[in-house]
Amino acid sequence: MSLVYAGVCSHAPGITGRADQADPDARDRLYAAYDRQRQQIADSGAEALIVIAAEHFANFFMDNMPSFAIGMADHYDGPIEDAAWLGIPKFRAPGNRDLSKRLITEIMQTVDVAYAEEWKFDHGIAVPLHFLTPDFDLPVIPVNINCQGPPLAPLHRVHAFGQAIRRAVDAVPERIALLGTGGISHWPATPDSGKINEAWDRDFLDRWARNDTEALLDYDDLSVYAEAGQGGFEIRTFVAVSGAADGSTGVVDFYTPIPIFSVGCTIAHYELAA
Amino acid sequence: MSLYYVQKFLYQLNRDERVQREYAADRRAALGDYELTDTEVEALVAPDIGLLFHLGVNGQILMHFAALHQIPWGDYLQLMRDGIAEHGPVREGVYAMTGYEGVDAHAAALGQTSNATDGGGNLGAVADDRAAAGDREGERP
Chain Z
1 MSLVYAGVCS HAPGITGRAD QADPDARDRL YAAYDRQRQQ IADSGAEALI
51 VIAAEHFANF FMDNMPSFAI GMADHYDGPI EDAAWLGIPK FRAPGNRDLS
101 KRLITEIMQT VDVAYAEEWK FDHGIAVPLH FLTPDFDLPV IPVNINCQGP
151 PLAPLHRVHA FGQAIRRAVD AVPERIALLG TGGISHWPAT PDSGKINEAW
201 DRDFLDRWAR NDTEALLDYD DLSVYAEAGQ GGFEIRTFVA VSGAADGSTG
251 VVDFYTPIPI FSVGCTIAHY ELAA
Chain A
1 MSLYYVQKFL YQLNRDERVQ REYAADRRAA LGDYELTDTE VEALVAPDIG
51 LLFHLGVNGQ ILMHFAALHQ IPWGDYLQLM RDGIAEHGPV REGVYAMTGY
101 EGVDAHAAAL GQTSNATDGG GNLGAVADDR AAAGDREGER P
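Taken in sequence, the protein lines are chains Z and A. Throughout the first sequence, residue numbering follows my numbering, covering 1 to 274 in sequence. Throughout the second sequence, residue numbering follows my numbering, covering 1 to 141 in sequence.
Worth flagging that the hints you see were computed from the coordinates, not collected in a lab. Among the clues, some could well be false.
[To be verified] Facing chain A, from chain Z, some residues (calculated, C-beta under 8 Å):
| # | residue |
| --- | --- |
| 1 | R18 |
| 2 | D20 |
| 3 | F61 |
| 4 | D63 |
| 5 | K120 |
| 6 | D137 |
| 7 | P150 |
| 8 | P188 |
| 9 | S193 |
| 10 | N197 |
[Stated by the list, open to error] Covered stretches of chain A (in silico footprint by chain Z; criterion: 3 or more residues with CB under 8 Å from a CB of chain Z, positions within the stretch not fixed):
| # | segment |
| --- | --- |
| 11 | 21 to 30 |
| 12 | 41 to 49 |
| 13 | 78 to 92 |
| 14 | 104 to 110 |
[Claimed, not checked] Dumping the calculated EDC-like pairs for lysine to aspartate or glutamate here, alpha-carbon to alpha-carbon at most 16 Å:
| # | chain 1 | residue 1 | chain 2 | residue 2 |
| --- | --- | --- | --- | --- |
| 15 | Z | K101 | Z | E174 |
| 16 | A | K8 | A | D75 |
| 17 | Z | K90 | A | E92 |
| 18 | Z | K120 | A | E92 |
| 19 | Z | K120 | A | E17 |
Owing to the predicted nature of the structure, the values given are computational and were not obtained by experimental measurement. For each residue, glycine too, the CB sits at the ideal point set by N, CA and C.
Could you build all of it, start to finish, from the sequences and the hints given here?
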C-alpha cells in the first residue's frame, strides 16, 4: 500500500490574505492545526503529494471544462492571484511528470480524465501548500474537480474518481499523500461571503469521518446550493478523498467557522486501514 | 446579454499579465475581441462591480477583477449588495439557480440572521452558535 496519508483542509484565500482581520485566537489555532497536518504528512514519509482541488477559473473555463483534470508537469507556478492580495509570495512548486503519467494512465482504466502539462496554482492549492509544504520540497500532483461551472460531475462519479486515484496510487511504488482542499458550506466572493451554515458543515463532516458512502452521496446540487451555497459544491474534493480512503474512518482535527475567512475552517484526516 | 464572454474576458484578464497590460493601457480596446453588449462594455470599463454581479459574473472571477482595481474586500462585498439593490436579482449564471435576491432574502431562506451590515463578514448568528456549540478540535465522531 503506497497511500500513506489522506486528509482534507480548507483553502480559502482569506486564510492568508485577510489574516490580520481575523480573530487572532481562532486564526492562530487554525494555523497550529495546519502545522500539525504538515507534520502528519512529513511523518508519513510521503514522496509526493496529490492535491485534489476545486480551482476557481485559473486554468479551466467554460470553453472546455473538464470534470476531472490532473497535472502532468515537472513544476507549477503560483499563486495566480496578486501576491499581496493573497498574502503568499510567488513560488514554483516541484511536480513529477513521470509519476503523473503513470497515475493518469492507471486512472484512465476506469475514469476519463483530462491532463494538463501546464497549470497555474490559484489559492485552492497555494494556500494549503503555503502551510503544508512551506519550502516547496515535496513534488505535487495537482488534481482538479470542476466545482465552479455547472453542470458538475455527480457525487457518485466523484467518489468513483477517488477510488480510481487510490487504485492508481496503490499501483506505483512511491509513498503518496493525498489531500483534498475545499470549503464545506460557504458563499465565497458573493454578497453573502462570511455566511457559514455550521450545522450543515458538522453533519457533512460526521458523514465524512464515518466514511459513510451512502450518506456522503445523498446530496444534490440544488439542495447544496440552497443550504450550503455555491461554495458547497466543493464537497466534491472531500468526497473524492473519502472514495480513496474507502474502508477507513476519519478524525476531524479542527473545525471552526471564521467568517472573515468565508468558511468553516476544517482540517481532517483518515486513519488509513492497514 | 453575453455572460459567457464577459466572464471569458475576466478569466483571461485574471490569469494573463499581457491582457492586464492591454487593459491598463486602453480598457475599451482590450475588450475588442469579445462579443459584448454596450452595457457589458461599460460595466467592464467603469468598472461597475455591482452591475457585473447583477449580470451574473461568478464571484470567483469577479473578486480578482475587484482586486485588480485595488477595491478593498469590504467595499467589494458592498458594491455587489448595492448592485442587487439597484438592478435587481442576479439575472443569469450560478447565482440565479435558486432565484438569489440578496443578502437579507437569502438569510431568511436559511433561517439565519443577515450579516449584511458587516463588510468583513463577521457574523452575528453563526458566531453565536459556534460559541454555544464549542469548537470540536480532535473530535472523533
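Hint check results:
1. The closest approach between the C-beta of Z/R18 and any C-beta of chain A is roughly 6 Å, which is under the 8 Å cut-off, so the hint is satisfied.
2. Interface hint status for Z/D20: violated, as the beta-carbon distance to the closest one in chain A is roughly 11 Å, over 8 Å.
3. Interface restraint check: Z/F61 against chain A, minimum CB-CB distance 5 Å, threshold 8 Å, status holds.
4. The beta carbon of Z/D63 is positioned within 8 Å of a beta carbon in chain A (closest approach about 7 Å), and the interface hint is therefore held.
5. Evaluation of the Z/K120 hint against chain A yields a held restraint, the C-beta minimum of about 6 Å falling below 8 Å.
6. Interface restraint check for Z/D137: the shortest CB-CB distance to chain A comes to about 26 Å, outside 8 Å, so the restraint is violated.
7. For Z/P150, the suggested interface contact is upheld, since its CB lies about 6 Å from the closest CB of chain A, less than 8 Å.
8. Interface hint at Z/P188: satisfied, since its Cβ lies 6 Å from the closest Cβ of chain A, which is below the 8 Å cut-off.
9. Satisfaction of the interface hint for Z/S193 is found here, the shortest Cβ-Cβ separation to chain A being roughly 5 Å, below the 8 Å cut-off.
10. Given hint, Z/N197 at the interface with chain A, holds; its Cβ is 7 Å from that chain's nearest Cβ, closer than 8 Å.
11. Look at the segment 21 to 30 of chain A against chain Z: 0 of its residues bring a Cβ nearer than 8 Å to a Cβ of that chain, fewer than three, so the hint is violated.
12. Taking a C-beta to C-beta cut-off of 8 Å, the segment 41 to 49 of chain A contributes 0 residues in contact with chain Z, too few for the three needed, and the coverage statement is violated.
13. Taking a C-beta to C-beta cut-off of 8 Å, the segment 78 to 92 of chain A contributes 3 residues in contact with chain Z, enough for the three needed, and the coverage statement holds.
14. Only when three residues or more bring their CB closer than 8 Å to a CB of chain Z does the claim for the segment 104 to 110 of chain A stand; here the count is 4, and the claim holds.
15. At most 16 Å may separate the alpha-carbon atoms for a hinted pair to count; Z/K101 and Z/E174 meet this at roughly 13 Å.
16. The hinted pair formed by A/K8 and A/D75 fails the criterion: a straight-line CA distance of about 24 Å is larger than 16 Å.
17. Distance restraint check for Z/K90 and A/E92: the Cα-Cα separation of roughly 34 Å exceeds the 16 Å cut-off, and the hinted pair is therefore not satisfied.
18. In summary, the hint linking Z/K120 to A/E92 is not supported, as the alpha carbons are separated by about 28 Å, beyond the 16 Å threshold.
19. Distance restraint check for Z/K120 and A/E17: the Cα-Cα separation of roughly 13 Å lies within the 16 Å cut-off, and the hinted pair is therefore satisfied.
Hint compliance for this structure: hints 2, 6, 11, 12, 16, 17 and 18 are not met, and every other hint is.
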